[in-house]
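K.L.:
Below, each chain spelled out in residue letters.
4 protein chains.
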Amino acid sequence: MAIGPIRYATKVDLTIPGGEQKQLHNRWHPDIPSSAKIAPGETVKIECLEWTGNQIKNTDNADDIRNVDLTKIHYLSGPFEIEGAEPGDCLVVEIKDVQPLERQPWGYCGVFNKENGGGFLERFYPEAAKAIFDFEGIHCTSRHLPHVRFTGLIHPGIMGTAPSQEILDEWNRRETELVVNESHLHGTTVAQLPEPRNVLPGSATGDIAAKIAKEGARTIPGRPEHGGNCDIKNLSRGSKAFFPVHVKGAKLSVGDLHFSQGDGEISFCGAVEMPGVITIKTSIIKDGVSKLSLKSPMFIAGDVPNQYGPSRYLTFEGFSVDEVGKQHFLCTTTAYRQACIRAIEYLRRFGYNDYQIYLLLSTAPIEGHVAGVVDIPNACTTIGLPMDIFDFDISPTSKFAKGDLDMGNCAFVTDYKHKLTYDFK
Amino acid sequence: MAIGPIRYATKVDLTIPGGEQKQLHNRWHPDIPSSAKIAPGETVKIECLEWTGNQIKNTDNADDIRNVDLTKIHYLSGPFEIEGAEPGDCLVVEIKDVQPLERQPWGYCGVFNKENGGGFLERFYPEAAKAIFDFEGIHCTSRHLPHVRFTGLIHPGIMGTAPSQEILDEWNRRETELVVNESHLHGTTVAQLPEPRNVLPGSATGDIAAKIAKEGARTIPGRPEHGGNCDIKNLSRGSKAFFPVHVKGAKLSVGDLHFSQGDGEISFCGAVEMPGVITIKTSIIKDGVSKLSLKSPMFIAGDVPNQYGPSRYLTFEGFSVDEVGKQHFLCTTTAYRQACIRAIEYLRRFGYNDYQIYLLLSTAPIEGHVAGVVDIPNACTTIGLPMDIFDFDISPTSKFAKGDLDMGNCAFVTDYKHKLTYDFK
Amino acid sequence: MAIGPIRYATKVDLTIPGGEQKQLHNRWHPDIPSSAKIAPGETVKIECLEWTGNQIKNTDNADDIRNVDLTKIHYLSGPFEIEGAEPGDCLVVEIKDVQPLERQPWGYCGVFNKENGGGFLERFYPEAAKAIFDFEGIHCTSRHLPHVRFTGLIHPGIMGTAPSQEILDEWNRRETELVVNESHLHGTTVAQLPEPRNVLPGSATGDIAAKIAKEGARTIPGRPEHGGNCDIKNLSRGSKAFFPVHVKGAKLSVGDLHFSQGDGEISFCGAVEMPGVITIKTSIIKDGVSKLSLKSPMFIAGDVPNQYGPSRYLTFEGFSVDEVGKQHFLCTTTAYRQACIRAIEYLRRFGYNDYQIYLLLSTAPIEGHVAGVVDIPNACTTIGLPMDIFDFDISPTSKFAKGDLDMGNCAFVTDYKHKLTYDFK
Amino acid sequence: MAIGPIRYATKVDLTIPGGEQKQLHNRWHPDIPSSAKIAPGETVKIECLEWTGNQIKNTDNADDIRNVDLTKIHYLSGPFEIEGAEPGDCLVVEIKDVQPLERQPWGYCGVFNKENGGGFLERFYPEAAKAIFDFEGIHCTSRHLPHVRFTGLIHPGIMGTAPSQEILDEWNRRETELVVNESHLHGTTVAQLPEPRNVLPGSATGDIAAKIAKEGARTIPGRPEHGGNCDIKNLSRGSKAFFPVHVKGAKLSVGDLHFSQGDGEISFCGAVEMPGVITIKTSIIKDGVSKLSLKSPMFIAGDVPNQYGPSRYLTFEGFSVDEVGKQHFLCTTTAYRQACIRAIEYLRRFGYNDYQIYLLLSTAPIEGHVAGVVDIPNACTTIGLPMDIFDFDISPTSKFAKGDLDMGNCAFVTDYKHKLTYDFK
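Protein chains in written order, with our numbering: chain A, 1 to 425; chain B, 426 to 850; chain C, 851 to 1275; chain D, 1276 to 1700.
Bear in mind the hints are in silico, worked out from the structure with no lab data behind them.
Cβ atoms here follow ideal geometry from the backbone N, Cα and C, with glycine treated the same way.
Hints may contain errors.
Said to hold, decoys possible - Quick list of in silico lysine to aspartate or glutamate cross-link-like pairs, DMTMM-like style, CA-CA up to 25 Å:
# : chain 1 : residue 1 : chain 2 : residue 2
1 : A       : K240      : D       : E1377
2 : A       : K11       : A       : E115
3 : A       : K402      : C       : D1243
4 : D       : K1677     : D       : E1620
5 : A       : K240      : B       : D813
Claimed, not checked - Listing some non-contacts, in silico: residues in chain D with all C-beta distances to chain B over 10 Å:
#  : residue
6  : E1317
7  : K1347
8  : E1390
9  : R1398
10 : T1416
11 : L1468
12 : K1561
13 : G1584
14 : L1680
Please model the entire structure based on the sequences and the hints provided.
P.N.:
So this is what it looks like as structure tokens:
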């Protein structure tokens, strides 16, 4: 029975860098000290920074995106000790709500420069760009993406329990193996190994802080053993998630809140990023890892996602034949990239430029489905774009054309002249 | 104004092999003669065979699956000449309905033997298996998958326009390149090149038949230029699809009907396969390829898919770390396979064996989403399993356990003793 | 396991009057002989006539509606003896499918003349009118209602178990009481008492037929004890309904199929009326009336109704203040009528006439909600009109106006000059 | 572009009676002074009291409900002058969000004593009762209704523009007529006429305050000309409502926020009542009353209502035959009451008492539909009860029975011994 306000387990400061806030941390490691305790059954609020720890500003240029320091990210709230949780248990987390902070009713999405972050379409769109989104209750709009408005399917990009030392060692083993064996194949960074620079080990000091700095797993990838940076847009308000517990107290961390995101989070910087507050309630299923065969988190979504109606999506198909005609064998990633390109080519007809569309596909609640993964050699995926987020008709029978509406522009860096359209073949 | 019954553009015979029915064809080639004409604006019905052309029987063993002749498949209805369609146009196809044939109210799903077809999980489940599904109006059930019932999201697995000669040549070029360059890498067939054996070139004869036999593209993969075997479960009743036209008359073909399918069609043989009848209505957008930037088909789904409620799915997460702990770089295909495995491990607790679950995930309307494809090195996917298709509680808090219900078995080959559970790690 | 076609429990003839088909009946009475037996667990198909028993034709005038003989209606299929059902049991009926007959792919909606049938808005629209609907798979369109297309939420208007003699006597008592006490108040027929003229007592003859003719309850109203003519649009495909059993064998009857209907079925003649086939499967809950406190039927709807998205309805409000400014005390019926009028007034701006809109509101899947019934003196109701059933924009910000599209006309009687718009104040 | 927090147009005090807060008002009258200005296009927040103006406490007895002073209710926020709005315009109000106040995370529902307020089922349930609801993010639970949890479809019970003097006079005329002509028929208060006692005329003083006190329309009923107390649960977050403007500046008022409500708001005190904050954005359609034929408000709902899945409702049917067997002629109100009774009888089997169920049906998002209003003499309505709001199985095949779960009790007055079950026949 809560007669007074709900307790805040953590608060954040939007005016100083994330790296200076010791109730947060930016590595996965079993030795990061708990920042607070939460009792099972208790409903608590947890404030979180946006993922770059206050580096991005509400401006009309993308210099901050271009120059972002990617060693200073993912300052997570926690870890929280859930009283009574033991290794082998299942930690149940109900996401009771996620909201922006009243003191900052805006967020952003960025396209990283290919040299500093990149993203899913970096080979075509190498420049930095940015769109600011204003929050109006459940809706968001952007002056950089005119004629679009959508309801946020608000969710935490990152939520996870702490790894045990054994699991952490396994992560470092397998990711190192990838770096060693495949870096030359992909022509890009394939994984980010432990990096002592700019570690925030929570309140740890001395030898423990040093150990965390040396071994702590980076927060970029989600990982099967605990969740982490999964960026699952449907793990939203009202969801109930089931996490394996690997250390005493579970040590749950959360952060990287998104006001909205499309399936794939394709621009990497990536959703409508925002600081905010998440309300959770936890419980424990004793011995749940075994009972539920819980090797990875699973969840049951809430009952209030956006409902656009199945017939209100325009759906694009993508196959594993890339933009230069090369055939890839059942590569769902290639197929998804092609579906993105099909959507970009289509939306150009209304006057948006490619970067705007790239930002739109990253942030709007697009539905990315795996359609077929067995019909060799082509994987087939689909992207469903909700037509109702536009204030004009984007259907194939639309009367609108380029020039009928002023589509403005997204933000770019100040000193550059951009090619706004990529010539696919 | 249709006062009498709607016209059938094609009928099929369920009692003789598909290869003997010349109103059908089993290759993609511009020279396959049209089997019938359809006027834009006309509503017509088209009967279709199930994908193996009547090879599979309603029995309790999987010998027919084991021994299926995979050169005798995909006997498509058509090609249909859509009057007035010209290269460069967009052919709009409204799928007004898809239904089983009243004379055969059942279908099947198979797991192919690894040596003859295989599938998405062939490395774990190499044996042939089968489940027969009975159709009761909008629902289907299977004696081989007790305690499960679901509504069919009925759809054609294959629909596409004919390629031009140029497009056909490009297909053969790029798929040959794949076979030449990558066959050694994957340890399996990577693509199926033209194969004169058992070609059904429709009503073509002589030199034209020979040309089709020699060059005709195989029907297994969907392809970006025309659609084809996309296996998109949501391209279902009420959908409006937009196809590029490459040859005069468009030459639309359709077949491989599915009563239901899960995203991915993971077992390859694959959905609830059935003969049936599809009702379509077509129209033409002149110069639509250019107007709509239509490099691949797109569609708007119908308004009557199954509605289980977002909170009625149990959702599993899969990451691009495989079952032996190897890290794959942003491989969505691996991630999707892992999500399948998580679902299999989970459902075992109620007494189903792995093959049954594999068949279930292939056929039930599971939702496969691309969650994140940018958080190096891990792609993240999800599989949402609708809990309401079971007649008992499968939620994590369920009181049911193995042995509480008789889960029967699926069909296997007659002469084999099976390992029904794969030991993942 | 159904390998061959599903059994038909009843077939109908579309070429002769319903009154000549003795496998049907048009009264509720315990002594009407069963027309066929159905075993619990068996899936069967049942053909049904449209509700006037073949009186209405596919024409462009409404003379047949004007002259319809309303003593010759509701020829129901059945009654069916469900083996093993006893009084006090609950009969469970799963509606596995409802479809038009392949041999008649059209239906109709009528507005009755006020002197012969009337309807919810008869005081404003006293003339007969008609719209013919063509069925194209899951969709219907009408040449009398241009620019509208919707998916049928197909359902039986009538389904019910037979009354016991005691229940029948109670019906006759209370409806007679109403006729005696209130006929003078309403200025219209308030209830239809037993009427021997044109009785079809199924296969009964002699004294039993005479008893049925004398006492048999008319089929117009739904009644709480058994269901009957409920016209619940959501009792559609996939639904599971629970009926009290009052006589041995339950004696289930069904008919009056609707391809689509709006909440309220306001024109009375009323939905998209059609002959068709319903597929059902039954089971019995022994002593279910007591176990479930089952005084009236209840149901669980299927999972495939039309999904237009909650934000795709334009919703009108109606209050219990009538069109001449008279205040009614918490009269939900008045409030619902006012919501209808608001929708009519609104849709005129696009060029439809009042009769067309009346027909549209009767047939399209409008959502009629009870909003408030406690805020004295006003009841408040809402009508949600799905905007996606129109092929042009009907939203308040639409650019379309009267004259922009040709809205044609509905069918009227041949010898009359109509007032097409009612002047509400 | 909102960089800082969104502006509050009104704040409220939860610690003093509503009647002492002059930024509020509790009558409808054109002369109530505007409490603040709002510019079209501006997004503002508006705090509101709960409907009794702080009379109800978070306790376990219902004395406060029993003794509530019903002349001290509906202290509305506003009226707000919308700049530029003129009579004849349409005022568009987008409901961007509605939330509880962080400082009071709870609300309540009451059943009024029949002598002081009453409600839809007052003839059966004459006693006062209460349930307190705790808010946990999007969910609410009640210690007085165990085993139930649902997501709030949060909405304002009251929203409306000010009447012109002419409209106000018409209201008083027609409601007086009702009181004069029908009070003797219904045996209860039929309408509440102007009442000077406890008027809060906003900031008006002197003669204007006296005029408002004398003529001001009471706030209980919604009225067709402006909306008001409509209690439409679907006019929720994300909705866009269209109001006629009758006075310069529109003078929009809002209040009576509900965390959740069932269709009908049957207990009258009525929904989950709460103080809260509503975020709105307005715009003006010039001459919109004429353009849109806008005699009553209309709206387009938001895209995030609760989604339980159509097959997750248990639906009860109600007919216009009352509980003592009297037949009413097409009385939808009677039919809706009977559907409520069917639901009460059903839910008793799990151990809830009638008052608890009455409170549940008032607050949970039940769907109340008008099914048929033309099949004389019976109107037919349905109530859909979402099964997923219970943490145990309430379906007809449930294994649960009375006694299996502790259902606790709701709050009653301290000095009374209650009959908890009404004996319907």
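K.L.:
Does the alpha-carbon distance linking A/K240 and D/E1377 stay inside the 25 Å limit?
P.N.:
holds (23 Å)
K.L.:
Run the distance test for A/K240 versus B/D813: straight-line Cα separation, threshold 25 Å.
P.N.:
Within the cut-off at roughly 17 Å; holds.
K.L.:
Are all beta-carbon distances from D/K1347 to chain B longer than 10 Å?
P.N.:
It holds; D/K1347 is separated from chain B by about 40 Å at its closest Cβ, greater than 10 Å.
K.L.:
D/E1317: least C-beta distance to chain B exceeds 10 Å?
P.N.:
holds (33 Å)
K.L.:
Is D/K1677 close enough to D/E1620, meaning Cα to Cα at most 25 Å?
P.N.:
Holds: D/K1677 and D/E1620 sit about 13 Å apart, inside 25 Å.
K.L.:
Over 10 Å from every CB of chain B: does D/E1390 meet that, or does the non-interface label fail?
P.N.:
holds (42 Å)
K.L.:
Beyond 10 Å on every Cβ pair: is that true for D/T1416 relative to chain B?
P.N.:
Its Cβ never comes within 10 Å of chain B, the nearest being 16 Å, so this holds.
K.L.:
Please check whether the beta-carbon of D/L1468 is more than 10 Å away from every beta-carbon in chain B.
P.N.:
It holds; D/L1468 is separated from chain B by about 46 Å at its closest Cβ, greater than 10 Å.
K.L.:
Between A/K402 and C/D1243, is the straight-line Cα distance small enough, at 25 Å or below?
P.N.:
Roughly 21 Å between the alpha carbons, so the hint for A/K402 and C/D1243 holds.
K.L.:
For D/R1398, which was marked as not at the interface, is the minimum beta-carbon distance to chain B over 10 Å?
P.N.:
It holds; D/R1398 is separated from chain B by about 36 Å at its closest Cβ, greater than 10 Å.
K.L.:
Please work out if A/K11 and A/E115 have their alpha carbons no farther apart than 25 Å.
P.N.:
violated (34 Å)
K.L.:
Regarding the assertion that D/L1680 does not contact chain B, is the least Cβ-Cβ distance greater than 10 Å?
P.N.:
holds (14 Å)
Hints 2 and 13, counting from the list given before, are not met by this structure.
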